Structure formats: C-alpha cells, structure tokens
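Asks: Listed below are the residues making up each chain.
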Amino acid sequence: MELVQMQKSLQDYTKSLFLEGVLDSQFLQLQQLQDESNPDFVSQVVTLFFQDSDRILNDLSLSLDQQVVDFKKVDPHVHQLKGSSSSIGAQRVKNACVVFRSFCEQQNVEACLQQVKQEYYLVKNRLETLFKLEQQIVASGGMIPAMELGF
Amino acid sequence: MATTSTSTGDINKTKSVEVKKKLNVLIVDDDTVTRKLHEGIIKSFGGISQTAKNGEEAVNIHRNGASFDLILMDKEMPQRDDGVLATKKLREMKVTSMIVGVTSLADNEEERKAFMEAGLNHCLAKPLNKAKIEPIINNLRDA
Numbered sequence: 001m002e003l004v005q006m007q008k009s010l011q012d013y014t015k016s017l018f019l020e021g022v023l024d025s026q027f028l029q030l031q032q033l034q035d036e037s038n039p040d041f042v043s044q045v046v047t048l049f050f051q052d053s054d055r056i057l058n059d060l061s062l063s064l065d066q067q068v069v070d071f072k073k074v075d076p077h078v079h080q081l082k083g084s085s086s087s088i089g090a091q092r093v094k095n096a097c098v099v100f101r102s103f104c105e106q107q108n109v110e111a112c113l114q115q116v117k118q119e120y121y122l123v124k125n126r127l128e129t130l131f132k133l134e135q136q137i138v139a140s141g142g143m144i145p146a147m148e149l150g151f
Numbered sequence: 001m002a003t004t005s006t007s008t009g010d011i012n013k014t015k016s017v018e019v020k021k022k023l024n025v026l027i028v029d030d031d032t033v034t035r036k037l038h039e040g041i042i043k044s045f046g047g048i049s050q051t052a053k054n055g056e057e058a059v060n061i062h063r064n065g066a067s068f069d070l071i072l073m074d075k076e077m078p079q080r081d082d083g084v085l086a087t088k089k090l091r092e093m094k095v096t097s098m099i100v101g102v103t104s105l106a107d108n109e110e111e112r113k114a115f116m117e118a119g120l121n122h123c124l125a126k127p128l129n130k131a132k133i134e135p136i137i138n139n140l141r142d143a
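As given, the protein sequences belong to chains W and C, one line each in that order.
So in our numbering the end of the first sequence lands on 151, straight run, no missing numbers.
So in our numbering the end of the second sequence lands on 143, straight run, no missing numbers.
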C-alpha cells in the first residue's frame, strides 16, 4: 500500500473511533503531549491503561463471583477504571463505568460488568489496530498525520 | 588582543529572559494512568514532577523535607475524602505550595466546596489537559 494511502487509512480509522464515541477529545490531548522529547508517550499511557484495566476487570470478576458480594470492595475498582479511561479518552468505557456505579448501589451489577468488559475490549482492539497502522506508516518512512476534530 | 565590552546589566537581562523557572510539581493520585498523564502535562510545560499514590504518601514526602511549587491533588484515593484530608494536613503543616484539586467530582458543588475549604487554591475537573492547567502554571511562573 502506498504511504499516502496508509496515512489516509489511518486518518479515516481514527476519525471513525471519534464518530463512534469510542474515543473523545481527551485522546487528542494525549497525542499533543507526544513530541521528540516524549516520542512514545501515547503508547506508554495506553499500555499502562491496558495493564491496569486487565487487572481491574479480573479483580471485579472475582469479587462478583463470591457467594456474598462485598459491594464496598467493588466500587473502588470501578472508580479507578472510570478515572483511567477518562484520562485516555476511552469515552464508552468511562460511560459504562458510570452506569455500573449506579447499579452497584442497587446491587444489580452482572449485566453492567459485561457492558464494561465489552466496551473495554472494543477500545483495546481498536487502539491496537490504530497503533499497528501507525507502525506501518513509520516503517515505510512516513510521518503520522496530525488528527484534528474538524468533523 | 581586542576585547569586547559588555555591561553586566546586559548579561543579567539576557540570563533572566533565557532562564524560565522549572516548576517542581507533586502529583497525588491513586491511578497509575492518571499520574502518567499528569506527568506528561507537567513535562510539556518544562516542569519536573514527583508522584504519590495517596494522601498519606503526599504528607510523608513533605515530612521528609520536600517542597513543591505546585501540588496536583486527587480527591478519592480511593477513600472518598483522602485528598481533602491530605490538603487539610498539609496546610496545618504550614505548606504554602499552590494546591490544585483535580477531581471527577468538580461539578458537584457540595463536594467541590468541601475540597476548596480544605485549603485548595483551585479545583479543576478531570480529565486534566494542558489548556485547563496553563493559566495556573503561567501565574506561578510570573509570581
């Protein structure tokens, strides 16, 4: 694939993530913090997000599997996931966490956990694809085009 | 040998224009990702940062003699008012640093008020970005 075509594909793919609400403008803020002195900033932050989220979702699943669920232990996990997803602009994960916390208080959370997991695996998959597209462009000697929310 | 004469005043003026104060910031948040984001933001302004995972750690860092130009303080870490208690404690310890609360609860007026009354200088809504913190950092540099 030609470099120009790859760059266009990346821009279109990134745009689709914003249009679907998978990412919000906070992700652009993240990209703006990446420069020559901090060239891998976005992938570092997102990698941390993946590591933390995998752990949190595992802990949440274990907590909800108990015969007697301690909801006071469940809420801090969801609070943390809400915060970290908000920090990177993973809008739908954040929103799913907000809903989860409402249900947590009513002690009706199994469906909410599934929704959070669904949204998390979606954004994880999409961001991994985004990074692969970027790597292909860089490997071909090209520059990553800047993204602006002009749509 | 020819010498160029330069007045001491010119040299000092040049130095003061070139040297920007490097802000020293303490980032207090229980979330790894948020700490990393805030570190990146501070670095983008040419500042340096240290991190703490909760209020107790933040207080202990000060007990060990450290001081900062700016403290970014989360509210729930994960206990609901951990940041509020830490802010109160730091002010009791006569810490005069600018303390900025950074919380997802910034829109809740009661929670915001309680956090401000603990001794904050400002309270910003999460997620933090450069535009939100820039006026505060500029004021610190100008002070």
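These are calculated hints, taken from the structure and not from any lab test.
Remember, predicted model here, so these are calculated numbers, not experimental data.
Heads up, some of the hints might be wrong.
Some but not every residue of chain W turned toward chain C, in silico, with C-beta under 8 Å [claimed, not checked]:
no. : residue
1   : GLN11
2   : TYR13
3   : SER16
4   : PHE18
5   : LEU19
6   : GLY21
7   : VAL22
8   : GLN31
9   : SER43
10  : VAL45
11  : ASP52
12  : PRO76
13  : SER86
14  : GLN114
The list that follows gives simulated cross-link-like pairs (lysine-lysine, DSS-like), each with its CA atoms no further than 27 Å apart [unchecked claim]:
no. : chain 1 : residue 1 : chain 2 : residue 2
15  : C       : LYS132    : W       : LYS15
16  : W       : LYS124    : C       : LYS113
17  : W       : LYS72     : C       : LYS43
18  : W       : LYS15     : C       : LYS94
19  : C       : LYS22     : C       : LYS94
20  : C       : LYS43     : C       : LYS22
Virtual Cβ for every residue (Gly too), placed ideally from N, Cα, C.
Asks: Can the restraint linking LYS43(C) and LYS22(C) be considered satisfied, given a maximum Cα separation of 27 Å?
Replies: holds (10 Å)
Asks: Interface hint check: GLN11(W), Cβ to nearest Cβ on chain C, cutoff 8 Å. Holds or violated?
Replies: With Cβ-Cβ at 22 Å, over 8 Å, it is violated.
Asks: Double-check GLY21(W) for me: the hint is only fine if its C-beta lies closer than 8 Å to a C-beta in chain C.
Replies: violated (16 Å)
Asks: Let's test the interface hint: is any C-beta of chain C closer than 8 Å to that of SER16(W)?
Replies: violated (22 Å)
Asks: Have a go at the SER86(W) hint: is there a Cβ in chain C nearer than 8 Å to its own Cβ?
Replies: Holds: closest Cβ of chain C sits about 5 Å from SER86(W), inside 8 Å.
Asks: Per the CB criterion, is ASP52(W) less than 8 Å away from chain C?
Replies: holds (6 Å)
Asks: Identify whether the interface hint at PHE18(W) stands, where standing means a beta carbon of chain C within less than 8 Å of its own.
Replies: With a closest approach of 16 Å, the PHE18(W) hint is violated.
Asks: Is the interface hint for VAL22(W) satisfied, with its Cβ closer than 8 Å to some Cβ of chain C?
Replies: VAL22(W) check fails; min Cβ-Cβ to chain C is 16 Å, beyond 8 Å.
Asks: Is the interface hint for SER43(W) satisfied, with its Cβ closer than 8 Å to some Cβ of chain C?
Replies: Where the cut-off is 8 Å and the nearest Cβ of chain C is about 11 Å from SER43(W), the hint is violated.
Asks: Given the hint that LYS124(W) pairs with LYS113(C), does the C-alpha gap stay at or below 27 Å?
Replies: violated (37 Å)
Asks: Take the C-alpha atoms of LYS22(C) and LYS94(C), compute the straight-line distance between them, and say whether it is at most 27 Å.
Replies: Holds, because 23 Å separates the two Cα atoms, which is no more than 27 Å.
Asks: Tell me if the interface restraint on LEU19(W) is satisfied: Cβ within less than 8 Å of some Cβ in chain C.
Replies: violated (20 Å)
The structure fails hints 1, 2, 3, 4, 5, 6, 7, 8, 9, 14, 16, 17 and 18 (numbered hints given earlier, in ascending order).
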